[in-house]
Amino acid sequence: MSKRIRALLTLIFILLLGGCTDGPDTAGMKIYRHSLTGSPTSIDPAQSATLYANHVVVNVYDTLYRYKYLARPYQIAPNLAEALPEVSEDGLTYTIRIKKGVEFIDDPAFPNGKGREVTAADFVYSMKRHFDPKTRSQGSWFWAGRIKGMEAWKKAGSDYDREVEGLKALDRYTIQIILNKPFPQLVHTLAQGYAAIVPREAVEYYGREFSVHPVGSGPFKLQRFDSVGVVLLRNPKYRREPIDLAYEGYDEAIHGKYGIKEIDGKIPPLVDRLEIHFIKQSLSRWNSFTKGDEIQYAGIPKELLDDVLAQKQPDIVLKPEYAEKYFMTSGYENGFVHTDFNMRDPEIGYNKDKKREEMNHALRCAIRYAYDWDDRNKKFYNDMGFVFPGIIPPVVPEYDPKASRESLRHDPAKGRKLLEEAGWTTESLPTLTYGGVAQVDTRQMFEQFRGWLMKIGYPKEKVKLDAYASFGDFNRAVKKAKIKIVGMGWGLDYPDAENTLQLFYGPNGSPGSNNANFNDPEYNRLYEKTSVMQQSPERTRLYRRMNQIVQDACVTISGLSRRQIFLWHKDVISFPDQSIVGGFHLKFVDVKEAQK
Amino acid sequence: MEILQYALRKFITGIPLIIGVTLISFLLMVYFGPDKTYELVGKNPTPEQIQEVRHQLGYDKPFVTRYLEYLKELVTFDFGYSDSTGERVNSILARTVPISLALIIPGFVLGNLLGIALALVAAYHRGRWWDKFIMGGSVVGMSVSFLIVIIAFQIIFSSNDGLGWFPVRGWNVYNFWDYLRYVTVPTLATVFVALGYNTRFYRAVIVEEMGRDHVRTAKAFGTPPGELLFKHILKNAMIPIITRIMFSIPLVVISGSLLLESYFGIPGVGLVTYDAITTGDQPILKAVVGITAVLFVVVLILNDIFYKLVDPRVSLK
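In order, the protein sequences belong to chains A and D. Taking the working numbering, the leading residue of the first sequence gets 1, the next gets one more, and so forth. Taking the working numbering, the leading residue of the second sequence gets 1001, the next gets one more, and so forth.
Source of the hints: derived by calculation from the structure; they are not laboratory data.
Derived Cβ-Cβ restraints for the label pairs, each shown as a range: (1) A:K312 / D:Y1197: 40 to 50 Å; (2) A:R443 / D:S1143: 25 to 35 Å; (3) A:E209 / D:A1007: 32 to 42 Å; (4) D:D1311 / A:D25: 50 to 60 Å.
From a predicted model like this one, the values you see are computed outputs, not experimental measurements. Just so you know, even glycine gets a beta-carbon here, dropped at the ideal spot from N, CA and C.
Assemble the whole structure, with the sequences as input and the hints as a guide.
Structure (structure tokens):
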């Protein structure tokens, strides 16, 4: 072999070895391989805006509160906190005691690399980070304007050594939060990934790279994080708290068949190694799932639903060959999809000319009558979605199953009549832009929508698609109120209808979360009134009234909660949840056999 | 010494090319690329928060200032931090480029070697059954979409519905055996598609070379087929072959293969680059574009040097 060829082969071999890494010894380890349909970019709690990010964040960090593993509707439980908060009579002062002896993982960020005890001051620091512009927090809106003195602290330069009046560590283990006005959902927000507790040393040690070097006190610690997955290892320092299944909401009728009883009394986390694979391609995910020794949890690809399911309605049933191998559960998402009209656009929304504003109202209602929910459900959601009137979805306690379904009625004739009565003609109808990210689904949804509008006499050329190259570009157009009709989805941060009602609160208009830019004085007044009320029949009544206002104004075409189906291997003991927060159940997942 | 002087001279003349490429791509990134701001703000941002993020991203600086900063980053090879993950761009590249190389090199090498071998056979049997068979196969390789090939190969070789011999996804590569398990199916898919293009191209080059006088003369002297093909034809056809291979290298090194990495769950640079393009992560894009431009200039130089090695008549002036 000539010297040149030998040198070339050696070079190639060295390059190939570059793809190898140090191997872990997994023999004897319990490994659970989860999968997600998307990937997080940052795992800094302050930027954990997605379910994907939360799957990692709530498993490597501690939050003061969490949701019970099995109880549905969701119930809050103390996590790092010793108990639920003590709340003052006026609902403004919260006192929370945290558990003693909980430690952060060992990390070079600490002196001698040894993780220290988590204290109340860490929580105070973690919350302050949200109001430091350098953090680029995506979760500050939960607490903006609510914690006494926080805005002033930010204005004064976000100096962490300066005290905030409404956020103090009274002693090493006691937190005090003072609010500007009552915020009944506060405890829910403290169960989110955003509220995870980080040590100041690690944030300062890693700087910008803290977002990929989590240092927490959660059940797991990070071993690897890249574009295709994350590998977490059991945190050996995690506090030893046996599982009390009765407390977690165990119901033999629901959970018995999954073998969950076996974990009662065990100490989480139950696996030594948790792998979360980010797999966007549904077929690849399915092939990996059915392979047997790869991922152990997945959904069913849309294109294979008929092959895998024996029945879709009313209950979902797997075909026997799949039921033999896999466990399955299904449920409606904690959120919904809806299509909003941009009320800031004078051609379809508010207008200085009151006559035109009335015409616009008729136009929006006519479009809503043109909308065919059954058809949308069949074509895009496998006829498994749950269609409900308004913006209070079925998963929250305030949902009204007896509410009028008029806003869901598909009646093109009535839509056409409304247009005529309001004085609209083919010539005078405005050109509508339907915005979305440039994807096949968006185009198909738009075509379906345009087809419906043509049935009420809308000229085809007056309904246009505004497709954006990326979500960022689409979001920019939405936040600048440039699109007339916006198809959106909302995932609830916590199970309280306030989280969806705020989507139509006037002061939250663009660039805020109120993409419809709805600004109704009566609605705003009720929102402000209910936002300080604890859960009660009166609050539910007012929520429902607000729901009706939105429907009467024809400001949105809403809504549909998608049905989710989860499958997992029978050697896994789990009750998956992907709706609230994301991944909070993973510390309770067990596998029957350790790696050989 | 002559080679070194030549390389230096050529690199200096390549600088305008690097500036041109980076300027045009930076213009596209800034004025036509996705706006990262609205990916980074939360669900309910205030106008001040939007301004703060724009400021941190440097979007409020004049274009010239930003471009000069980019050139400085390229010279110092310090591209800062990813706008998405916050990780150092250099760390990301150091982690992902070796994986992409390890993924792509076998397919790249085999695709080219087999392409040359098949092209030699086809050219030697030009117009006959072998030629038609090989060229027909090439057309199939060229016609089937890479995506379809990947999905089909994954089902055939990896899934339980097929042979199930290899992993469907992942890159748990800790030794050479693991490496073979994970790289085989992606390599087969790459070779299947690359062979079509490579064989057709190389056959055309070799056929042209076969018509030359010296080949006819060698044939007339009764030179055996092996010697004729390798010594008289292939050696003289090396210049276009080297050009094709060399110019593929920058893309192989830095771009990786998005489809392979996505479908086989491999954490290479292709996925990172794709995500950066779709989300407007400019620090990563600047690094990828800048390094690719520099690599092209280096490849141009190496290309000329290789020309001289295979053909002494070429002079480095």
